[in-house]
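Sequential numbering from 1 applies to the sequence shown in UniProt numbering.
Honestly, the hints are just simulated from the structure, not real lab data. Note that CB positions come from ideal geometry on N, CA and C, so glycine has one too. A few of these clues could be false.
Stated by the list, open to error - Straight-line distance between alpha carbons at most 35 Å, and here's what the computed DSBU-like set of lysine-lysine pairs gives:
1) Lys150 to Lys124
2) Lys124 to Lys167
3) Lys106 to Lys119
4) Lys244 to Lys121
5) Lys119 to Lys70
6) Lys154 to Lys119
7) Lys154 to Lys167
8) Lys124 to Lys97
9) Lys244 to Lys223
10) Lys97 to Lys119
11) Lys223 to Lys119
12) Lys70 to Lys141
Said to hold, decoys possible - Using C-beta positions, here's what the derived DEER-type ranges look like:
13) Gln80 to Glu248: 49 to 59 Å
14) Lys167 to Val63: 49 to 59 Å
15) Ser125 to Ser247: 34 to 44 Å
16) Leu201 to Glu170: 32 to 42 Å
17) Lys154 to Thr204: 27 to 37 Å
18) Lys150 to Lys106: 14 to 24 Å
19) Ser247 to Lys106: 16 to 26 Å
20) Gly69 to Pro230: 30 to 40 Å
21) Ser247 to His176: 21 to 31 Å
22) Gly69 to Leu238: 46 to 56 Å
23) Ile210 to Thr148: 33 to 43 Å
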Amino acid sequence: MVAPQEKSSKKMKSSKKMKFASSSAETEPTSQTTISDDSKSGRGMSTMPRVVKRKLQKLRPIVEYNKRGKGIGQAHSEMQSYIGVLARSRVPLVDMKWSQIPKDIKEQIWEAVDMALVKWKDFKSTLTRHYILPYTNDREKLSQPPETYKFIEKAQWDAFVASRLSKDFESVHSQHAQIREKLEYNHRLSRKGYAGLEDQLEETMPGVEIDRSTLWKRARQDKHSNIPDPKVAEKAKLIDELQKQVSEGKSVYMATMMC
Numbered sequence: 001m002v003a004p005q006e007k008s009s010k011k012m013k014s015s016k017k018m019k020f021a022s023s024s025a026e027t028e029p030t031s032q033t034t035i036s037d038d039s040k041s042g043r044g045m046s047t048m049p050r051v052v053k054r055k056l057q058k059l060r061p062i063v064e065y066n067k068r069g070k071g072i073g074q075a076h077s078e079m080q081s082y083i084g085v086l087a088r089s090r091v092p093l094v095d096m097k098w099s100q101i102p103k104d105i106k107e108q109i110w111e112a113v114d115m116a117l118v119k120w121k122d123f124k125s126t127l128t129r130h131y132i133l134p135y136t137n138d139r140e141k142l143s144q145p146p147e148t149y150k151f152i153e154k155a156q157w158d159a160f161v162a163s164r165l166s167k168d169f170e171s172v173h174s175q176h177a178q179i180r181e182k183l184e185y186n187h188r189l190s191r192k193g194y195a196g197l198e199d200q201l202e203e204t205m206p207g208v209e210i211d212r213s214t215l216w217k218r219a220r221q222d223k224h225s226n227i228p229d230p231k232v233a234e235k236a237k238l239i240d241e242l243q244k245q246v247s248e249g250k251s252v253y254m255a256t257m258m259c
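Let's have the full structure, built from the sequences with the hints guiding it.
Take a look at the structure:
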């Protein structure tokens, strides 16, 4: 016979193992999503360190959805919590409506959320380039989703493969390839992009104005600060000459130099 106090204690320990719980009537009965009881114990504001840690480790939890298209499961709960962190940490606590929140703050939040679109397109591109196009003559290899992405349902995979092997996609893919070939001055930036590069330069070059020409050249340098491509190096040299003319008080138009 277990004393009532011991039962209560065990129940509390048990509930804390379930980090998330479901409060939505629209989720399927089988969902496991919940809210932690930790909020009742007066814990501090969540900064979602788990999300940040997984991002550094390049781990990608899969968000599950029920038949109504509503997100369910722990990954969905963490995604919602992360959006909440963005709202709490970036939106001022002032007495105003959402429509009155400064536009730049809203854009910062939307940029983080909209990244999902970029990742979705990148994922489809990865599947196409690495798991479909190299095996157009080996249908056996295309019969199942890649081992790395076991979460892809076979029906979806088959439909995706068919779309990538269609004449319409072949035409679009060919057009994009031709456009890429015409790009003379490709940058060497990773997914951090120009915004990430600018942020990095502002930290390493305090007090120095980071103009467009500086970004253009730095984006095309290797890790040793060299520009391997001769054509790009020639263009960078021309930019340096024009910058020198500007410093000497001469009027030049540099925008066309960085196309």
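Going down the list of hints, with the structure as the test:
Between Lys150 and Lys124 the alpha-carbon distance is near 15 Å, which keeps this suggested pair within the 35 Å criterion. A hinted pair counts as satisfied when its Cα atoms are at most 35 Å apart, and Lys124 with Lys167 qualifies at roughly 18 Å. Only pairs whose Cα atoms come within 35 Å are accepted, and Lys106 paired with Lys119 is accepted, the gap being roughly 20 Å. Restraint check for Lys244 and Lys121: not satisfied, since their Cα atoms lie roughly 41 Å apart, outside the 35 Å limit.
The hinted pair formed by Lys119 and Lys70 meets the criterion: a straight-line CA distance of about 20 Å does not exceed 35 Å. For the suggested pair Lys154 and Lys119, the alpha carbons sit about 21 Å apart, so the restraint of at most 35 Å is met. For the hint pairing Lys154 with Lys167, the CA-to-CA distance comes to about 22 Å; that is within 35 Å, so the pair holds. A C-alpha spacing of about 38 Å is found between Lys124 and Lys97, which places the hinted pair above 35 Å, so the restraint is violated.
Of the pairs offered as hints, the one joining Lys244 and Lys223 holds, with about 25 Å between alpha carbons and a cut-off of 35 Å not exceeded. Proximity of Lys97 to Lys119 is assessed by CA-CA distance (about 31 Å); at most 35 Å being required, the pair is judged to hold. Of the supplied pair hints, the one linking Lys223 and Lys119 holds, its CA atoms being roughly 26 Å apart against a limit of 35 Å. Between the alpha carbons of Lys70 and Lys141 the distance comes to roughly 33 Å, so the proposed pair stays at or under 35 Å and holds.
For Gln80 and Glu248, the hinted distance range of 49 to 59 Å is satisfied, since their beta carbons lie about 57 Å from each other. Checking the proposed 49 to 59 Å range against Lys167 and Val63 shows it is violated: the Cβ atoms sit about 33 Å from each other. For Ser125 paired with Ser247, a C-beta distance near 42 Å keeps the hint of 34 to 44 Å intact. In this structure the hint that Leu201 and Glu170 lie 32 to 42 Å apart at CB holds, the actual value being about 41 Å.
At about 49 Å, the beta-carbon gap between Lys154 and Thr204 misses the expected band of 27 to 37 Å. For Lys150 paired with Lys106, a C-beta distance near 37 Å fails the hint of 14 to 24 Å. Taking the beta carbon of each, Ser247 and Lys106 are about 39 Å apart, not inside 16 to 26 Å as hinted. Between Gly69 and Pro230 the C-beta distance comes to about 52 Å, which lies outside the given range of 30 to 40 Å.
For Ser247 and His176, the Cβ-Cβ distance of about 40 Å falls outside the hinted range of 21 to 31 Å, so the restraint is violated. Taking 46 to 56 Å as the suggested C-beta distance range, the pair Gly69 and Leu238 conforms, at roughly 53 Å. Distance hint check: the CB atoms of Ile210 and Thr148 are about 38 Å apart, consistent with the given range 33 to 43 Å.
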